[in-house]
Amino acid sequence: MATYYAQPAAANYYTSPMSMQRPRGYRICDQCGAVETPSAKFRLCGGCMTTQYCSQDCQRMHWPSHKPICQHTAGQISNIKQSAAAGYSDGELQKCLRKFTSAHTALLGWAGFQALKLKRTPANIRQSALLIELTHHNRYPESHRRFSIARTHVVPRAYVRDPLVISDIQWREERCRRSGGIGTLVIIIQCGAISQVMPVEVDPPSRISWDTREDWEEVLHHFVESGRTDFQPISTTPRGIYYG
1 MATYYAQPAA
11 ANYYTSPMSM
21 QRPRGYRICD
31 QCGAVETPSA
41 KFRLCGGCMT
51 TQYCSQDCQR
61 MHWPSHKPIC
71 QHTAGQISNI
81 KQSAAAGYSD
91 GELQKCLRKF
101 TSAHTALLGW
111 AGFQALKLKR
121 TPANIRQSAL
131 LIELTHHNRY
141 PESHRRFSIA
151 RTHVVPRAYV
161 RDPLVISDIQ
171 WREERCRRSG
181 GIGTLVIIIQ
191 CGAISQVMPV
201 EVDPPSRISW
211 DTREDWEEVL
221 HHFVESGRTD
231 FQPISTTPRG
241 IYYG
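According to this note's numbering, the sequence shown is numbered sequentially starting from 1.
Check the hints yourself; a few may be wrong.
Computed list of lysine-lysine pairs in DSS-like fashion (alpha-carbon distance at most 25 Å, straight line) [as the list claims (entries may be wrong)]:
#1 K99 / K119
#2 K95 / K41
#3 K41 / K117
#4 K95 / K117
#5 K119 / K67
Now the in silico label distances, taken between C-beta atoms and shown as ranges [said to hold, decoys possible]:
#6 R207 / E92: 25 to 33 Å
#7 D215 / V155: 18 to 26 Å
#8 G192 / G227: 19 to 27 Å
#9 H72 / G240: 23 to 31 Å
#10 G192 / T237: 15 to 23 Å
#11 Y159 / H137: 35 to 43 Å
#12 Q127 / S167: 13 to 21 Å
#13 Y243 / K117: 16 to 24 Å
#14 S55 / Q7: 37 to 45 Å
#15 A158 / I241: 32 to 40 Å
#16 R120 / G240: 20 to 28 Å
#17 R207 / S167: 41 to 49 Å
Treat the hints as calculated values from the structure; they're not laboratory data. Beta carbons: idealized from backbone N, C-alpha and C, even for Gly.
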């Protein structure tokens, strides 16, 4: 039996967004741990388009440890482009997938938190991951709108087999736990033979006020299909209900 909710899972669920400006979501510098603010926008690594930094200095300092995973990821992108030139694949698919993940960072992190039931069972973060399977289309010009949700699954974390990716997840996990978090939530975005792993460092459940929602998959479909990137999840607190 479906659960009935008096409030929608996110702000503007039924209404048009007030502005087309896309919020960047919650990000931390991969070198110093600084939190992104509206006045201090972070930069993405130009090689892997995944790691983020608050400044060029932090990017330079992090390069020696980031270099292996960055070159590995950039090499995968290069191989895809070469295959595309030979007529075997869409060379833009990997780039579009990364833009999709970046545009929906807040939504994907929230969906993973709900799918693994981390508020109720934080230990699930060490054993499971959320796999989101996508289908690709060209109905819209925007890169992040060229995908639809096909299926979602909760899978063992052993689904990730790439040694360099596993090492990067472990490094983030250790950093997260040193700062009091519960670990790294692993979200796998897959479209055909191409995939991207999105690691999300998670605070203790006591510091996360998001409501537990069983309709997370429906919400995920809704925001992806509508092209919305202004996801703001509902939180019910003693002071009232708010979104964000």
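Each hint, compared with the structure:
1. K99 / K119: violated (28 Å)
2. K95 / K41: holds (21 Å)
3. K41 / K117: Distance ~31 Å between K41 and K117 Cα, so the pair is violated.
4. K95 / K117: violated (31 Å)
5. K119 / K67: violated (34 Å)
6. R207 / E92: 25 to 33 Å: violated (39 Å)
7. D215 / V155: 18 to 26 Å: Since the Cβ atoms of D215 and V155 sit about 21 Å apart, the hinted range of 18 to 26 Å holds.
8. G192 / G227: 19 to 27 Å: Given a distance of about 21 Å, which is inside 19 to 27 Å, the answer is holds.
9. H72 / G240: 23 to 31 Å: At 47 Å between Cβs, range violated.
10. G192 / T237: 15 to 23 Å: violated (42 Å)
11. Y159 / H137: 35 to 43 Å: The hint (35 to 43 Å, Cβ to Cβ) is violated, given that Y159 and H137 are roughly 25 Å apart.
12. Q127 / S167: 13 to 21 Å: Hint holds: Cβ distance 19 Å, inside 13 to 21 Å.
13. Y243 / K117: 16 to 24 Å: The hinted range 16 to 24 Å holds for Y243 and K117, with Cβ atoms some 21 Å apart.
14. S55 / Q7: 37 to 45 Å: Once the Cβ atoms are compared, 39 Å apart, the range 37 to 45 Å for Q7 and S55 holds.
15. A158 / I241: 32 to 40 Å: Holds: the Cβ-Cβ distance is about 39 Å, inside 32 to 40 Å.
16. R120 / G240: 20 to 28 Å: Given a distance of about 23 Å, which is inside 20 to 28 Å, the answer is holds.
17. R207 / S167: 41 to 49 Å: violated (27 Å)
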